[in-house]
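**Student:** Residue numbers (our numbering), protein chains in the order written: chain A, 880 to 1174; chain B, 49 to 407.
None of these hints come from the bench; they were simulated from the model.
This one's a predicted model, so the numbers in the text were calculated from it and none came from an experiment.
Just to be clear, a hint being listed does not mean it is correct.
[To be verified] Label-pair ranges, simulated between beta-carbon atoms:
#1 B:Pro136 - A:Tyr1015: 35 to 45 Å
#2 B:Pro136 - A:Pro976: 28 to 38 Å
#3 B:Gly87 - A:Thr895: 51 to 61 Å
#4 B:Thr50 - A:Trp995: 31 to 41 Å
#5 B:Asp242 - A:Met1087: 44 to 54 Å
#6 B:Asp180 - A:Thr895: 57 to 67 Å
#7 A:Gly1010 - B:Pro173: 47 to 57 Å
#8 A:Phe1157 - B:Arg178: 30 to 40 Å
#9 B:Pro136 - A:Leu894: 54 to 64 Å
#10 A:Met1087 - B:Glu402: 49 to 59 Å
#11 A:Gly1160 - B:Pro136: 45 to 55 Å
#12 A:Trp995 - B:Lys260: 42 to 52 Å
#13 B:Arg113 - A:Gly1160: 21 to 31 Å
Glycine residues also receive a C-beta, built at the ideal position from the N, C-alpha and C atoms.
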Amino acid sequence: MTAAIEPQGRRPRRLTAGRIGVYMFLVTAALFFLLPLWIMVMTSLKPMEEIRLGNILSLPAAMTFDAWSKAWSSACTGLECNGISVGFWNSVRILIPSVILSIIAGAINGYALSFWRVKGANVLFGVLLLGAFIPYQVFLYPLVRIFSLTGIYNSLLCIVLVHVIFGLPTMTLLFRNYYAGLPIELFKAARIDGGGFWSIFLRVILPMSTPILVVATILQVTGIWNDFIFGLTFAGRENLPMTVQLNNIVHSTQGERAYNVDMAATMLAALVPLVIYFVSGRWFVRGIAAGAVKG
Amino acid sequence: MTAVSVRDVSVAFEAVRVFDGLSLDIEQGEFIVLLGPSGCGKSTLLNAVAGLLDVANGQIWIDGRNVTWEEPKDRGIAMVFQSYALYPRMSVRENMSFGLKMAKTPRAEIEKRVAKAADLLQITPLLDRRPDQLSGGQRQRVAIGRALVRDAAVFLFDEPLSNLDAKLRNELRVEIKRLHARLGKTTMIYVTHDQIEAMTLADRIVVMKEQKIQQIGSPDEIYRRPANLFVAGFVGSPQMNFIKGRLESTGEGLSFLAGDRHLPLSSYPFVTTPVPGQNVVLGVRPEHLEITGQGLWPGFKVDIVEPMGADTVIWCSDGTGSLQVRTTGSRRAAPGDNLTLHVDALQVSLFSAETGDRL
């Protein structure tokens, strides 16, 4: 056995003034962003008497979930008093077909644009990208007119269609960039093996798309769930999504404002994106990086 | 019989012509190597034969059929790629049977062919693994196996060994050659920039540069009688020595003259009629420069000695230019030693200084 050779010289110090400063900044920033959440949760768990005292940062003395259950099932959204649960299920009904259809459309678009030398592919892609950068508001009135003429305005089909159309540019961009990173030789090998447009897509490309499918799902679920203006404009009274219902709850109070109910309803509306972010954080970051850096 | 015939083919990307009017006939069972530096169009030509690129003009015939507008799968070809291009989510077995499944081959037939190919390439124990569980050499074996099960008349290889390390490259090279011999009637077109692969594998080498065919010939022909300066310089390592000079008429016929050195060319097999006074470039392979006691060219000094085991490369110069001499591995030399060189006019190549073509 030989003696281990020790590194020589002074060890670099673990804790320096600069390091402490950085941590202090990070902790402060974290507190700053966590504070609203804290206030919301605490307020939603307090009865109104306690809220009137004004200590918005304090823990609830008599914790109660009344506000949550009221927000869910009996808060008034205008004339009806069925809580935000109606909006929740509306949002789910809008969300599921919109997410699935827009991802399918985006994946097929991206696949066709990056692997098949479609004539005018670059022009098409440019036009699609342009679509991603034009403010949505510009399209609202023409779309309302178009849907009115075709007779599907104010329906579930209408709002789903709108989400699919507006999801197309981002989804196409996302998938195209991901597929551009796959080796073209794989596609060539599949061509020689006799694969056609659909069989190569379904049997070779799609099985390799898991990461980008996860990312696309995250983006679309959060995006569509948080949508307000399309839901308000196109969904119709029967299908108003949760975000619109939330707005109605907050703005249709008579007399004293029920802060605890408002807070609970807001938390409920934010729950889906929150869960998505927490569950998929790693994937989310990875996908954003993949989509942004390559291309 | 002609297996593959490329007739006056042009390929264009968008508006840019990649190559124009290229023609090439390949016999059945032949091993053809397309050799050239990157960007010379060799892979483009291969892709055009495979049907992965549309030709702008001309025709491609395989096995007596005009396949110019046929899908890659219908051309009777199989292809092996540099990056292996194995389907990552499929097992080795699924990778190899994918093409047959697409062609709706009966299951028993698929299994028979996969088993046969796997046996031939010694990858039977790997059949149930996924590509990411294989080494580079195993992956390329699987890729060759996937091509093999197609029972194609023509095999296309696109730099199949370039991603492998030197030792594996040698092993697989020999294996590909053995495979070609065993398959008998299968035509192979092999793209590479590696001259050793080209020399060892090919029946005929097609040397390409800047989208044009420079020379077609057997490895021996390409090596001994290069058609122009590019071929002469590209093939052979260490590189051929080039000496600028001119032709002179002397009493004993034509001679090559460079400074005060000369080389009588009475035995040189000219392919064109030489013009006395013409500016030429003399090409001599390093192994054709002989170190002798008394030779034609005295007065060289050893510059650098590179022992390579089997042989030694000596760089020497006479003040005006530097030459590489390849000699036996046992020869010792030290920088500064004096050398006298001898050249045999039968072993050299003469090129026109103007056009670069062989004289």
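**Student:** Between proline 136 (chain B) and leucine 894 (chain A), does the beta-carbon spacing fit 54 to 64 Å?
**Tutor:** 46 Å Cβ-Cβ, so the 54 to 64 Å window is violated.
**Student:** Using the Cβ atoms, figure out if glycine 87 (chain B) sits within 51 to 61 Å of threonine 895 (chain A).
**Tutor:** Given about 52 Å between the Cβ atoms, the range holds.
**Student:** Note whether the CB distance of threonine 50 (chain B) and tryptophan 995 (chain A) lies within 31 to 41 Å or breaks it.
**Tutor:** holds, 32 Å
**Student:** Could you tell me whether the CB distance from aspartate 242 (chain B) to methionine 1087 (chain A) stays inside 44 to 54 Å?
**Tutor:** violated, 30 Å
**Student:** Between glycine 1160 (chain A) and proline 136 (chain B), does the beta-carbon spacing fit 45 to 55 Å?
**Tutor:** violated, 25 Å
**Student:** At the C-beta level, are aspartate 180 (chain B) and threonine 895 (chain A) separated by a distance inside 57 to 67 Å?
**Tutor:** violated, 43 Å
**Student:** Does the Cβ distance between phenylalanine 1157 (chain A) and arginine 178 (chain B) fall inside 30 to 40 Å?
**Tutor:** holds, 32 Å
**Student:** Note whether the CB distance of tryptophan 995 (chain A) and lysine 260 (chain B) lies within 42 to 52 Å or breaks it.
**Tutor:** The hinted range 42 to 52 Å is violated for tryptophan 995 (chain A) and lysine 260 (chain B), with Cβ atoms some 30 Å apart.
**Student:** Could you say whether the range 28 to 38 Å given as a hint is met by the Cβ separation of proline 136 (chain B) and proline 976 (chain A)?
**Tutor:** At 31 Å between Cβs, range holds.
**Student:** Verify the CB-CB distance for arginine 113 (chain B) and glycine 1160 (chain A) against the hinted window 21 to 31 Å.
**Tutor:** violated, 57 Å
**Student:** Does the hinted range 35 to 45 Å hold for proline 136 (chain B) and tyrosine 1015 (chain A) at CB?
**Tutor:** Given a distance of about 38 Å, which is inside 35 to 45 Å, the answer is holds.
**Student:** Does the Cβ distance between glycine 1010 (chain A) and proline 173 (chain B) fall inside 47 to 57 Å?
**Tutor:** holds, 53 Å
In this structure, the hints that do not hold are numbers 5, 6, 9, 11, 12 and 13, in rising order.
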